[in-house]
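Visitor: The residues making up each chain are set out below.
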Amino acid sequence: MMLCKISLKNIKKSIKDYAIYFFTLILGVAIFYIFNALDSQTIMMNVSSYSQKLIELGIQMLSTVSIFVSFILGALIIYASRFLMKRRNKEFAIYLLLGMSKRKISMILFLETLFIGILSLIIGISVGIVLSQLMSILIANMFEANLDKFTFVFSYKACIKSVIYFCLMYAIVMFFNTFSVNKCKLIDLLNATKKSEKIKLKNPYICIIIFIISSVVLARAYYLVTAGYNQLQEPKDILLVIFMGIISTFSIFYSLSGLVLRIAMSIKKFYYKKLNCFTLRQFSNKINTTVVSTSIICLMLFITITLLSTCLTMKDSMNANLNMLSPADIFLTSTMNMEKDYNTYKNKGYNDNQIKNSSLGVFDTLEVFDFNLHQYLKEYVEINNYRTSQLTMNHTLGSKLEEIRKNFPFLNYDTPEIIMKISDYNKVANLYKINQYNLKDDEYIIVSDFKSMIEVRNIA
Amino acid sequence: MDTILKVDQIEKYYGNNSSLTKAIDNISFEVEKQEFIAIMGASGSGKTTLLNVISTIDKVTSGKIYVGGNDITKLKGNNLNKFRREELGFIFQDFNLLDTLTAYENIALALAIQNIKTNEIEKRIKKIATDLNINDTLDKYPYQLSGGQKQRVASARAIITNPKLILADEPTGALDSKSSKMLLESFLQLNQKMEATILMVTHDAFTASYAKRVIFIKDGKIFKEIYKGNDTRKEFFDKIIDVVTLIGGSLNDAL
Ligand SMILES: Nc1ncnc2c1ncn2[C@@H]1O[C@H](COP(=O)(O)OP(=O)(O)OP(=O)(O)O)[C@@H](O)[C@H]1O
Ligand SMILES: [Mg+2]
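Residue numbers (the working numbering), protein chains in the order written: chain A, 1 to 460; chain B, 1 to 255.
So that you can see chain B by itself, here it is in the shape it has in the complex:
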């Protein structure tokens, strides 16, 4: 299978010599096309930092990150814009929808930036709205939506451009279990129907059990990886819990 993402010995340090934080300490892994990966770890273990450097929001201190063969740590100017525009979909923990635009316009924004024609935009939004079950919310403003609805709108914005790589930072962090389930089901659909590759950071073992592989991070290093294989979701969930107990400490408080 094709490798879509290759993270090669990256490091990210914060601060100066006197108070140096190694947020990422030599992490390497590869992600194949149409994989669904969850990243777990205690608070402060470096999950957000990892996602930020992959999404070009932040820069690595050393190491390389390849997306579809291109080193994205070296991207600049228009190539960087093009990468963000066409190959990347980012879902924030706190949605980051624009309050001044309706749900429809928020989703359309991603396509409008790509200079896609209005009727094409309408067609695509209709389709994705049906998939994510947000047809009724399209004409509403973010403040009129529930957390789950907002997260689904934000997800629609991230995936409507058919990006190679979808990055999600704690997408279920602000949702109740019912909304979480709904969102995760739509992730599964994206993953299977639209062949999206998903990399998702989470605190929550239940959320992680939807993935095909879980990467555990501790103190900026990869601690353990487990694959779902042919397990049922329940069996996979139990395995995840085992590792969480093994790591111990602060991850427990998230359960």
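Excised from the complex, chain A in its bound form:
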């Protein structure tokens, strides 16, 4: 009873002092929720199956990044709770001297952390739910989904995931707290309050230099993720930009805090009249927490922006690929001649009927279903591709195989090559209005469209 009262009173005070810490926590939880909720937000949308794939990829990325966000948050919580505890050395010393057991002190801390945690979790998820509705509108616009079906969505999965991650983080924090309470000695707690904490003054010139350099770096990073986002193609680049963002954000706030303290101290009147040494110390403490919290807020915003722009890049490049790779409107395939390898295809999930009819081409199959192509389509071609396990990439890459294997270890070199008659190729080329080729006996050309595949083929 008494313990609860003590912790509640202390929280009331802390909330005033550490508004920014709460704000960071809430924002962090909200972002975590949004990232993980996109999943069910987009399911409601009516997008092409192709965009669907793209969105799925994005969602996967987001939930990976959200783990990263939770790490940042965890660091913040541990930092802040240690900081809050340090301020309370005197209080704990009094409890101990009045004969309270260390277990009870840990309990007070536990209750407080729990209360703060639950509060920020509830508010954070509420904010997240609201913001994720906006997010889904944004995504819908991006992928030209039709919004008729838009409804208010609440993601249980994301909610539960946020709660679990948050609880995990808080369990770690509580472990830390209990550990440090058990470790502390009464005499040290008492002396800690008397020892005036040294105000570390940073060298102003170094501060200015750091500030300028990191401003430039940060500006570059922000430019890359906003205006210049289409330069970001590889995951490597994105990581580099995030790294740039993290380092420069922290250094900016670090150097800025040093400068602000300098300025506050150099205004002598201000220093001696308005702020005595004690309040200056408080001031510098406050600056330090503010620095960490603001940096983390900025960082989370930065990561969000980065992710959004990555989504945009992905969408752009995928759209470009889409136009390049399948310029025709409709693309029908059917696997043929499955009867020969009955068992293989049976294992792949084809049923008997499908296998029996597989000697028919696409046109014939459509005719079986009474579907008249001429009625719907202006131009069309039918071509046959062949595959055989006797011609795989191993063969076509020829003597360069070993070298390529080294550089592209992830390719499946046993994939059968797709073989096409030159006459069929020219039919297609005619349709797409691209170059047609003529081949003599014994000659072949390799046609390839993925960028990296082109690389591989050019080596060979």
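Just so you know, not all the hints are guaranteed correct.
Taking lysine-lysine and the DSSO-like style, the derived pairs with C-alpha atoms no more than 27 Å apart in a straight line are [as the list claims (entries may be wrong)]:
| # | chain 1 | residue 1 | chain 2 | residue 2 |
| --- | --- | --- | --- | --- |
| 1 | A | K5 | B | K82 |
| 2 | B | K64 | A | K102 |
| 3 | B | K59 | A | K90 |
| 4 | B | K76 | A | K183 |
| 5 | A | K102 | B | K127 |
| 6 | A | K102 | B | K59 |
| 7 | B | K123 | A | K104 |
| 8 | B | K117 | A | K5 |
| 9 | A | K90 | B | K82 |
| 10 | B | K224 | A | K90 |
| 11 | A | K102 | B | K76 |
| 12 | B | K126 | A | K9 |
| 13 | B | K123 | A | K5 |
| 14 | A | K102 | A | K5 |
| 15 | A | K9 | B | K117 |
| 16 | B | K74 | A | K185 |
| 17 | B | K140 | A | K90 |
| 18 | B | K127 | A | K5 |
| 19 | B | K126 | A | K5 |
| 20 | A | K102 | B | K221 |
| 21 | B | K64 | A | K183 |
No lab work stands behind these hints: they were computed from the structure.
This one's a predicted model, so the numbers in the text were calculated from it and none came from an experiment.
For chain A, the structure is supplied; the task is to place chain B with the ligands on it using the hints.
Guide: Here is chain B with the ligands on its own, set in the frame of chain A:
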């Protein structure tokens, strides 16, 4: 009379071999029930250290300290908590009240830790508040109180549990002479009415003259002891001044 506190050849060293400070260098003395003792000495002579080891805030390097027959240097865990909770009242020089709690709650804290019922707590606080003349301040927060009022609240917190032993580190250090007098009068009352045993560190000869015995410490050793006996406070004050002059040096600046 019963011996309530027995300090037996204690030593307290700070630092390592290269820079060793003997803050307490072989001190022994005994305190009887209902005694009121002042400890005086120059700055750095080891007074705070002595009080800290008796109150279990710090640990001795060697020697034993008995409170009511138990060696408190060996206490651990729950026994240590129990000792601090039930037998010890500590008054700090800088009050050490909790800013988040009102005066009433600060005092109640000591009883709440002992799991005493709320109405019993209220009864006891009312009584002690009347004794120490802090009835009007109970609902205020520490920042709304004067130094003297805070010191009396802190004293109330220390004595409300009826401890066997009250330790006070320079209780009048931050007070003006009027507040000092008021606090010392309440100490006398505690000492006489409630049979509290008081051990008080002070720089100030006037404050010390309220005690029944004054122990002088110099360089971590007991330099001299004087008893009040049947002297008036004025006569005792003059005797204290004499010893202070004898020790000389830095104690003068405190007068
Ligand atoms: N934590 C510590 N580490 C090292 N030396 C210490 C420590 N605490 C006290 N000392 C040394 O022990 C000696 C006694 O210190 P103590 O605080 O007991 O003096 P004091 O009599 O209370 O002085 P004052 O009247 O100024 O409060 C001093 O020389 C001091 O420098
Ligand atoms: Mg001292």
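Visitor: Work down the list of hints and note, for each, if the structure agrees.
Guide: Tested hints:
Restraint check for K5/A and K82/B: satisfied, since their Cα atoms lie roughly 23 Å apart, inside the 27 Å limit. Of the pairs offered as hints, the one joining K64/B and K102/A holds, with about 25 Å between alpha carbons and a cut-off of 27 Å not exceeded. Proximity of K59/B to K90/A is assessed by CA-CA distance (about 19 Å); at most 27 Å being required, the pair is judged to hold. At roughly 14 Å between alpha-carbon atoms, K76/B and K183/A fall within 27 Å of each other, so this suggested pair holds.
Straight-line distance between C-alpha atoms of K102/A and K127/B comes to about 31 Å, which puts the hinted pair past the 27 Å bound. Simply put, K102/A and K59/B have alpha-carbon atoms about 18 Å apart, close enough for the 27 Å limit, and the pair holds. The straight-line distance between the Cα atoms of K123/B and K104/A is roughly 26 Å, inside the 27 Å bound, and the hint therefore holds. For the suggested pair K117/B and K5/A, the alpha carbons sit about 15 Å apart, so the restraint of at most 27 Å is met.
With a C-alpha separation of about 20 Å, the suggested pair K90/A and K82/B falls inside the 27 Å cut-off, and the hint holds. Restraint check for K224/B and K90/A: the C-alpha separation of about 35 Å exceeds 27 Å, so the hint is violated. For the hint pairing K102/A with K76/B, the CA-to-CA distance comes to about 12 Å; that is within 27 Å, so the pair holds. For a cut-off of 27 Å, the pair hint linking K126/B to K9/A stands: about 23 Å separates their Cα positions.
Restraint check for K123/B and K5/A: satisfied, since their Cα atoms lie roughly 20 Å apart, inside the 27 Å limit. Taking the CA atoms of K102/A and K5/A, the gap is near 18 Å; set against the 27 Å cutoff, the hint holds. Note on K9/A and K117/B: the hinted pairing holds, with a Cα-Cα distance of about 21 Å set against a maximum of 27 Å. Taken as a hint, the K74/B and K185/A pair is honoured in the structure, with Cα atoms around 15 Å apart against an allowance of 27 Å.
A threshold of 27 Å between alpha carbons decides the hint, and for K140/B with K90/A the separation of about 20 Å falls inside it, so the pair holds. At most 27 Å may separate the alpha-carbon atoms for a hinted pair to count; K127/B and K5/A meet this at roughly 24 Å. Proximity of K126/B to K5/A is assessed by CA-CA distance (about 21 Å); at most 27 Å being required, the pair is judged to hold. Between the alpha carbons of K102/A and K221/B the distance comes to roughly 35 Å, so the proposed pair goes past 27 Å and is violated.
Among the hinted pairs, K64/B with K183/A is consistent with the structure: their alpha-carbon atoms are about 25 Å apart, no more than 27 Å.
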